[in-house]
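Q: Here's the letter readout for the chains.
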Amino acid sequence: MSDIRYDQWEPVIGLEVHVQLNTKTKLFSRAPHRFGDEPNQNIGIVDTGQPGSLPVLNKAAVKKAVQFGLAIGAEISRYSTFDRKSYFYPDNPRNFQITQFFHPIVRGGTITCDVEGHTKHFKVDRAHLEDDTGMLKHFSSFAGIDYNRAGIPLIEVVSEPVMRSPKDATAYATTLRAIMQYLDVSDCNMAEGSLRIDVNVSVRPKNEKTLRPKVEVKNMNSFYNMELAIEAEVRRQIQAYTLHPGKEFADAIEPGTYRFDQGAKKTIRMRRKEEAHDYRYFHEPDLVPLQLGEEYIELLGNSLPELPHERYLRYMADLKLPADSAAILVGDKFTSDFYEEALAIARNATSLCNWIITEFSGRLKEKGQTLKESGLTSEYVGHLVKMIEDKVITGRIAKQVAGEMLEDPSKDPREIVKANPNYQPLEDDSVIEPIVDAILEKNGQSIIDYKAGRTKALAFLVGQVMKETKGKASPDIVNKLILKKIEEK
Amino acid sequence: MDTLTAKQLNALFSSGEASAVEITKQALAKIDKLNLKLSAFLSVFEERSLKSAALLDEKKQKGEPLGRLAGVPIAIKDNIAIEGEITSCASKFLENYRSPYDATVVRLLEEDGAILIGKTNMDEFAMGASGTHSAFSPTRNPWDLDCVPGGSSSGSAAAVSGRLCPLSLGSDTGGSIRQPAAFTGIVGFKPTYGRISRYGLVAFASSFDQIGPFAQTVEDVALVMEAVSRHCERDSTSLNLPPNGFDAQFGQSLKGTKIGIPWGFLEDLKGEARQNFEKSVATLTELGAETVDVDLSLLKYGIGIYYILTSAEASTNLARYDGIRYGKRAKEASSLEEIYEMSRQEGFGFEVKNRIMLGTYVLSGGFKDAYYSKAQKVRALIIQQIRRAFENCNLFAFPTTAGTAFTLDGMRDPLDEYLQDLYTVAAPIAGLPAISVPSGFSTEKKPFGLQLVGPQLHDASVLGAARAFEQATRFGEKIPGGFS
Numbered sequence: 001m002s003d004i005r006y007d008q009w010e011p012v013i014g015l016e017v018h019v020q021l022n023t024k025t026k027l028f029s030r031a032p033h034r035f036g037d038e039p040n041q042n043i044g045i046v047d048t049g050q051p052g053s054l055p056v057l058n059k060a061a062v063k064k065a066v067q068f069g070l071a072i073g074a075e076i077s078r079y080s081t082f083d084r085k086s087y088f089y090p091d092n093p094r095n096f097q098i099t100q101f102f103h104p105i106v107r108g109g110t111i112t113c114d115v116e117g118h119t120k121h122f123k124v125d126r127a128h129l130e131d132d133t134g135m136l137k138h139f140s141s142f143a144g145i146d147y148n149r150a151g152i153p154l155i156e157v158v159s160e161p162v163m164r165s166p167k168d169a170t171a172y173a174t175t176l177r178a179i180m181q182y183l184d185v186s187d188c189n190m191a192e193g194s195l196r197i198d199v200n201v202s203v204r205p206k207n208e209k210t211l212r213p214k215v216e217v218k219n220m221n222s223f224y225n226m227e228l229a230i231e232a233e234v235r236r237q238i239q240a241y242t243l244h245p246g247k248e249f250a251d252a253i254e255p256g257t258y259r260f261d262q263g264a265k266k267t268i269r270m271r272r273k274e275e276a277h278d279y280r281y282f283h284e285p286d287l288v289p290l291q292l293g294e295e296y297i298e299l300l301g302n303s304l305p306e307l308p309h310e311r312y313l314r315y316m317a318d319l320k321l322p323a324d325s326a327a328i329l330v331g332d333k334f335t336s337d338f339y340e341e342a343l344a345i346a347r348n349a350t351s352l353c354n355w356i357i358t359e360f361s362g363r364l365k366e367k368g369q370t371l372k373e374s375g376l377t378s379e380y381v382g383h384l385v386k387m388i389e390d391k392v393i394t395g396r397i398a399k400q401v402a403g404e405m406l407e408d409p410s411k412d413p414r415e416i417v418k419a420n421p422n423y424q425p426l427e428d429d430s431v432i433e434p435i436v437d438a439i440l441e442k443n444g445q446s447i448i449d450y451k452a453g454r455t456k457a458l459a460f461l462v463g464q465v466m467k468e469t470k471g472k473a474s475p476d477i478v479n480k481l482i483l484k485k486i487e488e489k
Numbered sequence: 001m002d003t004l005t006a007k008q009l010n011a012l013f014s015s016g017e018a019s020a021v022e023i024t025k026q027a028l029a030k031i032d033k034l035n036l037k038l039s040a041f042l043s044v045f046e047e048r049s050l051k052s053a054a055l056l057d058e059k060k061q062k063g064e065p066l067g068r069l070a071g072v073p074i075a076i077k078d079n080i081a082i083e084g085e086i087t088s089c090a091s092k093f094l095e096n097y098r099s100p101y102d103a104t105v106v107r108l109l110e111e112d113g114a115i116l117i118g119k120t121n122m123d124e125f126a127m128g129a130s131g132t133h134s135a136f137s138p139t140r141n142p143w144d145l146d147c148v149p150g151g152s153s154s155g156s157a158a159a160v161s162g163r164l165c166p167l168s169l170g171s172d173t174g175g176s177i178r179q180p181a182a183f184t185g186i187v188g189f190k191p192t193y194g195r196i197s198r199y200g201l202v203a204f205a206s207s208f209d210q211i212g213p214f215a216q217t218v219e220d221v222a223l224v225m226e227a228v229s230r231h232c233e234r235d236s237t238s239l240n241l242p243p244n245g246f247d248a249q250f251g252q253s254l255k256g257t258k259i260g261i262p263w264g265f266l267e268d269l270k271g272e273a274r275q276n277f278e279k280s281v282a283t284l285t286e287l288g289a290e291t292v293d294v295d296l297s298l299l300k301y302g303i304g305i306y307y308i309l310t311s312a313e314a315s316t317n318l319a320r321y322d323g324i325r326y327g328k329r330a331k332e333a334s335s336l337e338e339i340y341e342m343s344r345q346e347g348f349g350f351e352v353k354n355r356i357m358l359g360t361y362v363l364s365g366g367f368k369d370a371y372y373s374k375a376q377k378v379r380a381l382i383i384q385q386i387r388r389a390f391e392n393c394n395l396f397a398f399p400t401t402a403g404t405a406f407t408l409d410g411m412r413d414p415l416d417e418y419l420q421d422l423y424t425v426a427a428p429i430a431g432l433p434a435i436s437v438p439s440g441f442s443t444e445k446k447p448f449g450l451q452l453v454g455p456q457l458h459d460a461s462v463l464g465a466a467r468a469f470e471q472a473t474r475f476g477e478k479i480p481g482g483f484s
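Line order of the protein sequences matches chains X and W.
Everything in the first sequence is counted per the working numbering, starting at 1 for the first residue and increasing by one.
Everything in the second sequence is counted per the working numbering, starting at 1 for the first residue and increasing by one.
Since the hints were derived computationally from the structure, they do not count as laboratory data.
Just so you know, not all the hints are guaranteed correct.
Claimed, not checked - Residues of chain X placed beyond 12 Å of chain W at every Cβ, according to the derived structure:
1) T48
2) Q50
3) S53
4) R78
5) R84
6) F88
7) N92
8) H118
9) D278
10) L319
11) L343
12) G368
13) Q369
14) K372
15) D437
16) M466
Unchecked claim - 20 Å max Cα-Cα, derived EDC-like pairs, lysine to aspartate or glutamate:
17) X:K386 with X:E366
18) X:K209 with X:D278
19) X:K24 with W:E233
20) W:K258 with W:D295
21) W:K25 with W:D57
22) X:K399 with X:D437
23) W:K368 with X:E160
24) X:K85 with W:D369
25) X:K265 with X:D278
26) X:K485 with X:D412
27) X:K137 with W:D369
28) X:K59 with W:D369
29) X:K206 with X:D7
30) X:K214 with X:E16
31) W:K353 with W:D295
Since this is a predicted model, take the numbers as computed values, not measurements.
Using N, Cα and C, we set each Cβ at its ideal position, and we do this for glycine too.
Chain X with its partners taken away, still in its complex shape (with noise of 0.2 Å):
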């Protein structure tokens, strides 16, 4: 296995994500779209099939999917029609699925992203809209199926095989649940299953032009698992393609549809490629075809919200926040908006970021939460940010205070600190000094390294003088006074 070249090779990767839109009922139906409901209490005569229903055409689903379209600057069919695709599962109440195959309402688009500080553009090759189906649950001696899930209204959203790396697509997931998230279509929490992912992935030496075939794999539940499982997929592709240089491409890497493994980090066919239905797609005749007006269309063009990469660039030029630090913040809708309603409070942009994005969200991260469960406001954590600008608190003081936010998110920051005399900083030049001086007295050595030149002698020292005062003392008090010290000897 050793001379397997994997450099020698390049990735091949699209991605067909699944979004549920938020809309208040069904795609065809009146019954309502709620997550988490007792089974089968959000079904009516159209979500089961009843002989005789007919479906119905939500109307904002449409404005959620040409918003979408717009949003990634995609062409709007004016014209767009619904097709029955067929096949038999328990969990499809009509065993066909509305789907828009032959003329589906958005065509092209470009996802822009950041992968690592390079700005990338995918292309979209398609986005159209469907009806979810319901879930099967399997019990000890039978299976019941839950309907309350079938009929909910999807965009899948498919991309042209455009990235190159187990990376890219990262970017470009988190980007486009980004744009859902800003444009307000969908919650797209993959936990409850309202974004998935199915990712279609082939490799080739670097110089050949030509595509090879191309397995799918399903049923990620999360972007970490996708990458996963797209290296893994990589992998397992360069490896058959070396290890049987004379077999047929197929027969070499085995197409078909393929899930991954998330204990074993491999990925396992779950269907060959000959056993794929024949879907008989043909148009929906309970629909009439979806006409769409420029007025309409433009309407929706110019009431578009800021989108993520606009909001990535306005950080960088306005608020001079790092590359990074900037597409960490706008991947999530949330997170941003919680950031610049703090923004309001506290004045410092990079280390307001700083604290979100590394301080609290390191220490969630930890205790297994988001930032929206948290229960944080940003009110609370500006404040916290705003008390070191304004020196109130030292930041190691924030750091101890921000732990106690943390464990209650009500409590106030600004009454914390008021709270807690251990908190209050230390700024009586009478109490600092002595303790200045003791300092000193230990440390005749560091004091002859800073008169020598070396200032880094100089931080130790103030080190030394803050960790006695339990980081209370004003970091700018405690300098000052070493500086006078050293002076005077």
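Starting from the structure of chain X, add chain W where the hints point.
A: For chain W alone, coordinates are given in the frame of chain X:
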């Protein structure tokens, strides 16, 4: 009272000469007496109908407003949903299936005071032209009990023809209202596609299906149309037009009306059927109409594309009958595959299976271009040719069928039965309004029908000309022996 038209019965009720309960009891008694001979009804709503009749009488007593169909019993084809009632589509698959909601037409009929009297027999899932494809029992023709009443709306036609009730609703996909109307000597109307909501009509072929009324007179047809042809937001193909004016052209002369006759396409029409049609054309001329020859030569492909397209749609429309959520589930089935296969094997009849297989085949990879896609193109061409023909005339006249009712065992080859639709498929292919109105009898005393077809949305012109023809000929007033 039992042979009165809907209009007459409504007048009787309104004037107080008969109560709704009396009218309903009379209809129930007649059904009780004669349904065994005809198998027109699959279920009869004794309690329900008497209850709504009593409510109606009460309303009248209080002086509350009454609908235009107040006190009139009406039968509903068993592929139209009534909440709480069985909607079997004459199939074993749905033998015990109760609809959880009302079809729009049912709601509108009840709002207008009509009394739902029962559900009628049919060819299973509306597939057939004889009424013999009912999973329960074949429907018989009141004019000759050895003969079929036509289909698929066999029971709805037989019930009105035998005067078991004055009105019924059927559905027409390729001729399923007009052909049985002709075979049983009554009026049957298929409106413009989209004129009546299909919400609650169990789909056979969605782009062809249309609900329509059976009645003794064209006047009654117009009356039902005014009650049920309302815009429905639960059916995306429903038209948004005012629900009136269907009688606007009643009493007008046919002077200035140009009637196109596709003589070339009718070349094979022979014998008594041809004579009857020519006589009908002569009557139309006497009424002042001018007849012109029109080219509808592409209709020779009509039957072919009709069976390709309707079967394709049906194969998916009927996919929902899988034994999972409702309807038949094979008792012996022990796996998912077996539930599908055995439930459908046991639940569907021969003809339904034929169509599902045909429809699946014409949509499948490798064959779709040659069949389904090509048929779609031919459908577009036929529509074009029809449009051109209507540039030179106001209506088309066709015989409804090429002959009179055949015997119950007369159609051994399914293809022969498919040819029953020869003259009726044009209207649903192009979504046109079309009516069959009685046009006389054969030497064997079996009825013929004249078919009038109009351009889309010209339902009133079709009804106007049919009304003129009806009043000039009065063939529909004849009642089959033993049923008056």
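Q: Now tell me if each hint is right for this structure.
A: Against the structure, the hints come out as follows:
The claim that X:T48 is not at the interface with chain W is violated, since a C-beta of that chain comes within 12 Å of its own (minimum 6 Å). With a minimum CB-CB distance of about 6 Å to chain W, X:Q50 fails to clear the 12 Å threshold, and the non-interface call is violated. Not every beta carbon of chain W lies more than 12 Å from that of X:S53, the smallest distance being close to 8 Å; the non-interface claim is violated. No beta-carbon of chain W is positioned within 12 Å of the beta-carbon of X:R78; the least distance is around 18 Å.
Listed as outside the interface, X:R84 is inconsistent with that label: its C-beta sits roughly 5 Å from the nearest C-beta of chain W, within the 12 Å cut-off. Distance to chain W contradicts X:F88 as a non-interface residue, since its nearest Cβ pair spans about 6 Å, not more than 12 Å. Interface exclusion of X:N92 from chain W breaks down, the closest Cβ pair being 9 Å apart, not more than 12 Å. No beta-carbon of chain W is positioned within 12 Å of the beta-carbon of X:H118; the least distance is around 42 Å.
For X:D278, the shortest C-beta to C-beta distance to chain W comes to about 5 Å, within the 12 Å cut-off, and the non-interface label is violated. Chain W leaves X:L319 outside its interface by the beta-carbon criterion, the shortest separation being 49 Å against a cut-off of 12 Å. The non-interface label for X:L343 is consistent with chain W: the shortest C-beta to C-beta separation is roughly 47 Å, beyond 12 Å. A cut-off of 12 Å between C-beta atoms confirms that X:G368 is not in contact with chain W; the least separation is 38 Å.
Consistency note on X:Q369: stated as away from chain W, and its beta-carbon is indeed over 12 Å from all of that chain's, at 40 Å minimum. Against the 12 Å criterion, X:K372 stays outside the reach of chain W, whose nearest CB is about 37 Å from its own CB. With a least beta-carbon separation of about 85 Å from chain W, X:D437 lies farther than 12 Å from that chain, consistent with its non-interface assignment. The beta carbon of X:M466 is kept farther than 12 Å from every beta carbon of chain W, the shortest such distance being approximately 70 Å.
The hinted pair formed by X:K386 and X:E366 fails the criterion: a straight-line CA distance of about 25 Å is larger than 20 Å. The straight-line distance between the Cα atoms of X:K209 and X:D278 is roughly 30 Å, outside the 20 Å bound, and the hint therefore fails. For the proposed pair X:K24 and W:E233, the alpha carbon gap of about 18 Å is at most 20 Å, so the pair holds. Between W:K258 and W:D295 the alpha-carbon distance is near 14 Å, which keeps this suggested pair within the 20 Å criterion.
The hinted pair formed by W:K25 and W:D57 meets the criterion: a straight-line CA distance of about 13 Å does not exceed 20 Å. In summary, the hint linking X:K399 to X:D437 is not supported, as the alpha carbons are separated by about 28 Å, beyond the 20 Å threshold. A distance of roughly 27 Å separates the Cα atoms of W:K368 and X:E160; the hinted pair therefore is violated under the 20 Å criterion. Distance restraint check for X:K85 and W:D369: the Cα-Cα separation of roughly 17 Å lies within the 20 Å cut-off, and the hinted pair is therefore satisfied.
Restraint check: the Cα-Cα separation between X:K265 and X:D278 comes to about 32 Å, which exceeds 20 Å; the hinted pair is violated. Taking the CA atoms of X:K485 and X:D412, the gap is about 39 Å. The hint is violated against a cut of 20 Å. Between the alpha carbons of X:K137 and W:D369 the distance comes to roughly 39 Å, so the proposed pair goes past 20 Å and is violated. Of the pairs offered as hints, the one joining X:K59 and W:D369 is violated, with about 33 Å between alpha carbons and a cut-off of 20 Å exceeded.
At roughly 9 Å between alpha-carbon atoms, X:K206 and X:D7 fall within 20 Å of each other, so this suggested pair holds. For the hint linking X:K214 to X:E16, the alpha-carbon distance of about 13 Å falls within 20 Å, and the restraint holds. Pair hint W:K353 plus W:D295 does not hold up; C-alpha atoms about 36 Å apart against a cutoff of 20 Å.
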